[in-house]
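Trainee: Whole structure, please, built from the sequences with the hints as guidance.
Protein chains: 2
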Amino acid sequence: MTCPDSIRALDQQDPLKHTRALFELPVETQYLDGNSLGPLPRASRQRLEHVVQQQWGQDLITSWNKHGWIRLSQQVGDKIGTLIGAAPGQVVCCDSTSVNLFKVLSTALQIQAKQGRHRIVSQRDNFPTDLYMVEGLASLLGETRCELVTLDTNQLIDHLDNSVAVLMLTQVNFRTGYCHDMRALTEAAHKAGVLVIWDLAHSAGAMPLSLDEWKVDFAVGCGYKYLNGGPGAPAFVYAASRHHGAHTQPLSGWMGHAKPFEFSPNYTPAPSINQYLCGTPSVLAMSALDAALDVFDGVDLETIRAKSLALSDLFINILQAEECWHEFCLLTPAEHAERGSQVALAHPHGYAITQALIAARCVADFRAPDVIRFGFTPLYLRYEDVWLAAQKLIRIVREQDYLRPEFSKSTAGPVT
Amino acid sequence: MTCPDSIRALDQQDPLKHTRALFELPVETQYLDGNSLGPLPRASRQRLEHVVQQQWGQDLITSWNKHGWIRLSQQVGDKIGTLIGAAPGQVVCCDSTSVNLFKVLSTALQIQAKQGRHRIVSQRDNFPTDLYMVEGLASLLGETRCELVTLDTNQLIDHLDNSVAVLMLTQVNFRTGYCHDMRALTEAAHKAGVLVIWDLAHSAGAMPLSLDEWKVDFAVGCGYKYLNGGPGAPAFVYAASRHHGAHTQPLSGWMGHAKPFEFSPNYTPAPSINQYLCGTPSVLAMSALDAALDVFDGVDLETIRAKSLALSDLFINILQAEECWHEFCLLTPAEHAERGSQVALAHPHGYAITQALIAARCVADFRAPDVIRFGFTPLYLRYEDVWLAAQKLIRIVREQDYLRPEFSKSTAGPVT
Numbered sequence: 001m002t003c004p005d006s007i008r009a010l011d012q013q014d015p016l017k018h019t020r021a022l023f024e025l026p027v028e029t030q031y032l033d034g035n036s037l038g039p040l041p042r043a044s045r046q047r048l049e050h051v052v053q054q055q056w057g058q059d060l061i062t063s064w065n066k067h068g069w070i071r072l073s074q075q076v077g078d079k080i081g082t083l084i085g086a087a088p089g090q091v092v093c094c095d096s097t098s099v100n101l102f103k104v105l106s107t108a109l110q111i112q113a114k115q116g117r118h119r120i121v122s123q124r125d126n127f128p129t130d131l132y133m134v135e136g137l138a139s140l141l142g143e144t145r146c147e148l149v150t151l152d153t154n155q156l157i158d159h160l161d162n163s164v165a166v167l168m169l170t171q172v173n174f175r176t177g178y179c180h181d182m183r184a185l186t187e188a189a190h191k192a193g194v195l196v197i198w199d200l201a202h203s204a205g206a207m208p209l210s211l212d213e214w215k216v217d218f219a220v221g222c223g224y225k226y227l228n229g230g231p232g233a234p235a236f237v238y239a240a241s242r243h244h245g246a247h248t249q250p251l252s253g254w255m256g257h258a259k260p261f262e263f264s265p266n267y268t269p270a271p272s273i274n275q276y277l278c279g280t281p282s283v284l285a286m287s288a289l290d291a292a293l294d295v296f297d298g299v300d301l302e303t304i305r306a307k308s309l310a311l312s313d314l315f316i317n318i319l320q321a322e323e324c325w326h327e328f329c330l331l332t333p334a335e336h337a338e339r340g341s342q343v344a345l346a347h348p349h350g351y352a353i354t355q356a357l358i359a360a361r362c363v364a365d366f367r368a369p370d371v372i373r374f375g376f377t378p379l380y381l382r383y384e385d386v387w388l389a390a391q392k393l394i395r396i397v398r399e400q401d402y403l404r405p406e407f408s409k410s411t412a413g414p415v416t
Numbered sequence: 001m002t003c004p005d006s007i008r009a010l011d012q013q014d015p016l017k018h019t020r021a022l023f024e025l026p027v028e029t030q031y032l033d034g035n036s037l038g039p040l041p042r043a044s045r046q047r048l049e050h051v052v053q054q055q056w057g058q059d060l061i062t063s064w065n066k067h068g069w070i071r072l073s074q075q076v077g078d079k080i081g082t083l084i085g086a087a088p089g090q091v092v093c094c095d096s097t098s099v100n101l102f103k104v105l106s107t108a109l110q111i112q113a114k115q116g117r118h119r120i121v122s123q124r125d126n127f128p129t130d131l132y133m134v135e136g137l138a139s140l141l142g143e144t145r146c147e148l149v150t151l152d153t154n155q156l157i158d159h160l161d162n163s164v165a166v167l168m169l170t171q172v173n174f175r176t177g178y179c180h181d182m183r184a185l186t187e188a189a190h191k192a193g194v195l196v197i198w199d200l201a202h203s204a205g206a207m208p209l210s211l212d213e214w215k216v217d218f219a220v221g222c223g224y225k226y227l228n229g230g231p232g233a234p235a236f237v238y239a240a241s242r243h244h245g246a247h248t249q250p251l252s253g254w255m256g257h258a259k260p261f262e263f264s265p266n267y268t269p270a271p272s273i274n275q276y277l278c279g280t281p282s283v284l285a286m287s288a289l290d291a292a293l294d295v296f297d298g299v300d301l302e303t304i305r306a307k308s309l310a311l312s313d314l315f316i317n318i319l320q321a322e323e324c325w326h327e328f329c330l331l332t333p334a335e336h337a338e339r340g341s342q343v344a345l346a347h348p349h350g351y352a353i354t355q356a357l358i359a360a361r362c363v364a365d366f367r368a369p370d371v372i373r374f375g376f377t378p379l380y381l382r383y384e385d386v387w388l389a390a391q392k393l394i395r396i397v398r399e400q401d402y403l404r405p406e407f408s409k410s411t412a413g414p415v416t
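So the sequence lines, in the order shown, correspond to chains A and B.
Just so we're aligned, residue 1 is where the first sequence starts under the UniProt record's numbering, counting upward by one.
Just so we're aligned, residue 1 is where the second sequence starts under the UniProt record's numbering, counting upward by one.
Note that these hints are calculated values from the structure, not bench results.
Hints are supplied without guarantee of correctness; some may be wrong.
No copy labels: a pair is met if it fits in one copy or bridges any two.
BS3-like cross-link-like pairs, simulated, lysine-lysine; straight-line CA separation at most 30 Å [claimed, not checked]:
(1) 392 - 66
(2) 409 - 66
(3) 66 - 259
(4) 259 - 409
(5) 66 - 114
(6) 114 - 17
(7) 114 - 191
(8) 17 - 392
(9) 17 - 191
(10) 17 - 215
(11) 215 - 191
Mentor: Next comes the structure, spelled out in structure tokens:
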């Protein structure tokens, strides 16, 4: 397959063409799954070598001070802060997105309990683990103190009555790629006396965000998608500084103590974002993420966002011109403001098509029941990659390549 | 300093002399801090190289299946299970010790609520984070459903009345090295209708344990001390199979779901140990720990324990023969059955002595207010190392080397 010159010209003019070299990518592969697992930044590989051989291997326990392990959660947090529009001291890196969500849900409910508000409003098709964490908290508090209400997207604002404590949403839907207007929803929630918790799993590093300016209360997010921190990288938690101090989150481990090295028998929460730390976080995992974040140095998130939309437009446009297009259902909004950094296509043979694509060295992923997800990650994807991916998809569908037995669910196993 | 032949002879006869070569250790250093951070196993370095370059770098998202990332929590859990006397399917590796403690505390309280039991009995000088986690859970449940009672060691059994739900103890005290009789205390608790939760942070990998045989209910522990999994390695959680299924822990993230890849909007806990998983764990961190555990292959924990006691006996005996011994207070029991795998010495200049030792390439650590901790880790420590460490300590104390200004708290910063 020879890529048209018009496509190659887009790559030549791309202001982000230099950042691809910062990653180690498999050859001759179109990796359209950075929305699930970001690829390996060269800097992360080098950093891990140093952390393993010198810091762990030679300097051992002295590295907590000598190599700043003790400050990593805050250092990584502040780097993420610059990507999401948060001034320093409001983000820490630690634990998983789910665990961090439990922390901020607890704090938000405490704040709102004084107003007799106890409901958590969310979307029916929010990322399931977010809903599960509310269920878990409700199992402890009882439904008079914590009640999950899940609604369709267009019902959200109308239901923010004075029983509602929190509006908890994921900005970009993991399945469809639908992107909420975070600013408008936050404003509407505040008008109704409701606090907001945003899950930024599919937003951080993918588009400009202004959490401070938009007066977001709390947010959580993932280190291993658009932030490229490695498989299962630690997550992050944002708490606006106005919410520090007065309330305590219940996962009160020693790292969140005001004076952790005094080993006092009683918990005194740190009067800062540090209160959102719990146990000792993985230095290996956080170091990989710390180095990965440096690929954003000197890169403007507006530029990333513009290229992401151009890439997904190109992908949709190529496919729409093909006869096989009618077999797909495009789940992702055509409107730019409503589109995240992915394109989701439903197809009755979605699972097998995903397998066939991977076999053809075009990595996308599958989400039940029938959705193929294509992630568009401007730091390392070229317009040429998008063109090649589209050609592979067209060929697989046109030739019904996906009907080959090795791509069926029974032989291929789960796609994660 | 020339080590006496009698000491060298002990190393010659040591059945564990071959395992030292499995670690990368700093040269000419006595590393007596493996009870805080285990050193780097060669296998972990090699494994991380493969995980980073091949699995993350090349195989990317397909590694969840291709390289078994999706099974790592259980695989590592079962390896730890063999070290603590747990049959397969009762241990998973995930999160931090603190977070895992929150999970099992919640489950145990649920089980006991039916009997109207709500108190958590623990030791006043338990590792503080364990007490903090109970405080955190109590802040959610209220003190009628969760109340922390901290007692002195000798009061524990007498206070197990019918209000007590759980006896929560750390087997080996982090400061003094005192080791509880886990079997006897578990039996006494059960006789009083009380469930037990053991923190094995300073036990797992250091001594033989028989959790199944002793009918322990729940346990948690640390991956980065005697298990050598690297700084901030993921922790583990043990739940006896008789406690699976009927109760749900509240950190109900997607990895603990019965069918995580169905992305159902409602949480259904896995009817197995998997229910104790929450969010996505770090693959880098778990892989390092997974490889580290293989140093235990073919090694008997009875042999490890016997050598650990011989090492700490040697250390104490050398020091006791010196005049400076009277300056110290030995906090660790002389009785073998009551001694963990460390020796704790209190000294008014404990902080500065620890700094002077580190400067002399003998790594111990300090715990407020005045305790120097020496960890004895038989897989890589030689009798010669213990002799050398003792000589360095004696010289520093005899010559008052610790009075040099660079070892004072104001210049040296915190020892972690």
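Trainee: Could you place residue 17 and residue 392 in one of the four classes (within, between, both, neither) given a Cα distance threshold of 30 Å?
Mentor: within (23 Å within a copy, 57 Å between copies)
Trainee: First find the shortest C-alpha distance between residue 409 and residue 66 inside one copy, then the shortest across copies, and answer within, between, both or neither for a cut-off of 30 Å.
Mentor: Result: close only across copies, 15 Å inter versus 50 Å intra.
Trainee: Can you give me the call for residue 66 and residue 259, within, between, both or neither, at a CA distance of at most 30 Å?
Mentor: Answer is within; shortest intra-copy Cα gap is 20 Å, inter-copy 44 Å.
Trainee: Could you place residue 114 and residue 191 in one of the four classes (within, between, both, neither) given a Cα distance threshold of 30 Å?
Mentor: within (17 Å within a copy, 43 Å between copies)
Trainee: Quick one: residue 392 to residue 66, C-alpha cut-off 30 Å, is that within a copy, between copies, both, or neither?
Mentor: between (50 Å within a copy, 23 Å between copies)
Trainee: 30 Å Cα cut-off: does residue 17 pair with residue 215 within a copy, between copies, both or neither?
Mentor: neither (34 Å within a copy, 61 Å between copies)
Trainee: Treating 30 Å as the Cα threshold, decide for residue 17 and residue 191: within, between, both or neither.
Mentor: neither (43 Å within a copy, 70 Å between copies)
Trainee: Have a look at residue 259 and residue 409 and pick one of within, between, both or neither, based on CA distance no larger than 30 Å.
Mentor: between (53 Å within a copy, 16 Å between copies)
Trainee: 30 Å Cα cut-off: does residue 114 pair with residue 17 within a copy, between copies, both or neither?
Mentor: The answer is neither: 52 Å in one copy and 63 Å across copies each exceed 30 Å.
Trainee: Checking residue 66 and residue 114: alpha-carbon separation at most 30 Å within a copy, between copies, both or neither?
Mentor: neither (45 Å within a copy, 51 Å between copies)
Trainee: If the cut is 30 Å between Cα atoms, do residue 215 and residue 191 qualify within a copy, between copies, both or neither?
Mentor: within (12 Å within a copy, 55 Å between copies)
When the structure is compared with the earlier hints, violations turn up for hints 5, 6, 9 and 10 and for no others.
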